[in-house]
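Colleague: Letter by letter, the chains look like this.
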Amino acid sequence: MSDTTLAAPARPGLGELFFQFLIIGAISFGGGIVAYERSLLVDQKKWVDADSFMAALALSQTLPGLNSVNLAAIVGQRLAGLSGAIASVVGLILPGAILVLILGILYENSHNNPLANLALAAVAAAATGLIANTVRELGRKRFRDPLSLALIAVTFTLMSILKLSLPLVLAIVFPIALWFNRPGARS
Amino acid sequence: MTNTASLLGLASSFALFSILAVGGGVAVLPEMQALMAQRYGISGESFVHIYGIGQLAPGPNMLMVLALGYRIAGFAGALTVLVAFFTPALLLSLIGGRIWDKVGETPWRRAVQNALEPVSLGLMISGLYAIAREALNGPVSFGLCALTFALLVATRINPVLIMLGASATGVVLMKISGLP
Numbered sequence: 001m002s003d004t005t006l007a008a009p010a011r012p013g014l015g016e017l018f019f020q021f022l023i024i025g026a027i028s029f030g031g032g033i034v035a036y037e038r039s040l041l042v043d044q045k046k047w048v049d050a051d052s053f054m055a056a057l058a059l060s061q062t063l064p065g066l067n068s069v070n071l072a073a074i075v076g077q078r079l080a081g082l083s084g085a086i087a088s089v090v091g092l093i094l095p096g097a098i099l100v101l102i103l104g105i106l107y108e109n110s111h112n113n114p115l116a117n118l119a120l121a122a123v124a125a126a127a128t129g130l131i132a133n134t135v136r137e138l139g140r141k142r143f144r145d146p147l148s149l150a151l152i153a154v155t156f157t158l159m160s161i162l163k164l165s166l167p168l169v170l171a172i173v174f175p176i177a178l179w180f181n182r183p184g185a186r187s
Numbered sequence: 001m002t003n004t005a006s007l008l009g010l011a012s013s014f015a016l017f018s019i020l021a022v023g024g025g026v027a028v029l030p031e032m033q034a035l036m037a038q039r040y041g042i043s044g045e046s047f048v049h050i051y052g053i054g055q056l057a058p059g060p061n062m063l064m065v066l067a068l069g070y071r072i073a074g075f076a077g078a079l080t081v082l083v084a085f086f087t088p089a090l091l092l093s094l095i096g097g098r099i100w101d102k103v104g105e106t107p108w109r110r111a112v113q114n115a116l117e118p119v120s121l122g123l124m125i126s127g128l129y130a131i132a133r134e135a136l137n138g139p140v141s142f143g144l145c146a147l148t149f150a151l152l153v154a155t156r157i158n159p160v161l162i163m164l165g166a167s168a169t170g171v172v173l174m175k176i177s178g179l180p
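Those sequence lines, one after another, are chains A and B.
For the first sequence, the positions run 1 to 187 when the numbering used here is used.
For the second sequence, the positions run 1 to 180 when the numbering used here is used.
Hints should not be assumed to be uniformly reliable.
[Unchecked claim] Distance ranges between label pairs, derived from CB positions: (1) A:Asn112 with B:Ser12: 40 to 46 angstroms; (2) A:Ile23 with B:Leu8: 21 to 27 angstroms; (3) A:Asn112 with B:Glu105: 41 to 47 angstroms.
[Claimed, not checked] The calculated lysine to aspartate or glutamate pairs, modelled on EDC-like cross-linking and capped at a C-alpha distance of 20 angstroms, are: (4) A:Lys45 with A:Glu16; (5) B:Lys102 with A:Glu16; (6) A:Lys141 with A:Glu108; (7) B:Lys102 with A:Asp51; (8) B:Lys175 with B:Glu45.
[Unchecked claim] A partial selection of chain A residues facing chain B, derived with a Cβ cut-off under 7 angstroms: (9) Phe19; (10) Gly96; (11) Leu101; (12) Val135; (13) Thr155; (14) Leu166.
In short, the hints are calculated from the structure, not lab data.
Note that beta-carbon positions come from the ideal geometry of N, C-alpha and C, so glycine has one too.
In isolation and in its complexed conformation, chain A is listed as follows:
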């Protein structure tokens, strides 16, 4: 990529950024937020070109935290500085945060409501199928690569079988994974 700045035909204001991310935050049921962000930023508003979007997405996947939120922060910052990042992130999480809080309050006040518990148990069971499918989609390439498969198996074993703490698991596995993936190690 020759130009790392985002090609922005018209730079959005803070209110515009907040409002557009607020819409995504309000309609993105069932995950897949990155796809909504791409549609907004690249296709509809053309605030970001496709290459820059992919680069920002890769960066957001490299950093810890939720990819969709990291992406909103990175793109928001480039379009309108620190306040742009904050406007984008707050917009993205505000609708869901309000709804989760309302549902959380209802749940705490109806603890022994059998129907509510059944509904949440059913949603959680269906969500397990959804996560399984996400793992399948994200892992499609990696599951066929013996080294990746070994790293996946070791990570799972340390975390779920040996029940080590997550910081410890990362401290053990990440350096090994980085060594095998260091620049020039694999073509």
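Assemble chain B onto chain A, guided by the hints.
Modeller: Frame of chain A, contents of chain B only:
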């Protein structure tokens, strides 16, 4: 323990989850579930119910942390957890974004991403395992999970509709059969 001290403890836990969420929120679910059980006495069943709440809302599913915070310390807990869970990763993104703007693409960023991919997949499978162990506790829940998975793999139906349809079917079946 004073109230402020307990909120600080809550904040530090969720700030750490924010930084440890490699490749997304599912990676921290086992750690989060263990801590919620040990320190705050939240049962596996309640944790899974609250996870379900996160699935019902739009936006990131990990907004479920707000319901955990509310459960632990009311509105102050929810606000504490919200700020603690989103701020560290936000700051890292801002710093990362600036560095990346200056330095541009380097082979090492790619190397880090490539290294993180299998690690985060392993952690996602751990997260899946942690949720599945609690959520799949009977024939109906197993069937729902399998049905959802099969429909997502084999059809192009909107995942939201699949989730809603499966959940509604599940409630009816659980109610009729009396089985989880």
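Colleague: Is 40 to 46 angstroms respected by the C-beta to C-beta distance linking Asn112 of chain A and Ser12 of chain B?
Modeller: violated (32 angstroms)
Colleague: Tell me if the interface restraint on Leu101 of chain A is satisfied: Cβ within less than 7 angstroms of some Cβ in chain B.
Modeller: holds (5 angstroms)
Colleague: Straight-line Cα separation of Lys102 of chain B and Glu16 of chain A no greater than 20 angstroms?
Modeller: violated (27 angstroms)
Colleague: Would the pair Lys102 of chain B and Asp51 of chain A pass a check requiring their Cα atoms to be no farther apart than 20 angstroms?
Modeller: holds (17 angstroms)
Colleague: Given Thr155 of chain A was flagged as interface, is its beta-carbon under 7 angstroms from a beta-carbon of chain B?
Modeller: holds (3 angstroms)
Colleague: For the pair we were handed, Lys141 of chain A and Glu108 of chain A, check the Cα-Cα distance against 20 angstroms.
Modeller: violated (42 angstroms)
Colleague: Holds or violated: 21 to 27 angstroms for the Cβ distance of Ile23 of chain A and Leu8 of chain B?
Modeller: violated (35 angstroms)
Colleague: Does the CB of Leu166 of chain A sit less than 7 angstroms away from some CB of chain B?
Modeller: holds (4 angstroms)
Colleague: Given a cut of 7 angstroms on the nearest C-beta pair, is the interface hint for Val135 of chain A held or broken against chain B?
Modeller: Hint holds; Val135 of chain A Cβ to chain B Cβ min 5 angstroms, cut 7 angstroms.
Colleague: Per the hint of 41 to 47 angstroms, is the separation of the Cβ atoms of Asn112 of chain A and Glu105 of chain B within bounds?
Modeller: Once the Cβ atoms are compared, 55 angstroms apart, the range 41 to 47 angstroms for Glu105 of chain B and Asn112 of chain A is violated.
Colleague: CA of Lys45 of chain A to CA of Glu16 of chain A, is that 20 angstroms or under?
Modeller: Measuring from Cα to Cα gives roughly 11 angstroms; hence the hint holds.
Colleague: When you check the alpha-carbon spacing of Lys175 of chain B and Glu45 of chain B, does it fall within 20 angstroms?
Modeller: holds (18 angstroms)
Violated hints, in rising order: 1, 2, 3, 5, 6 and 9; the structure is consistent with all others.
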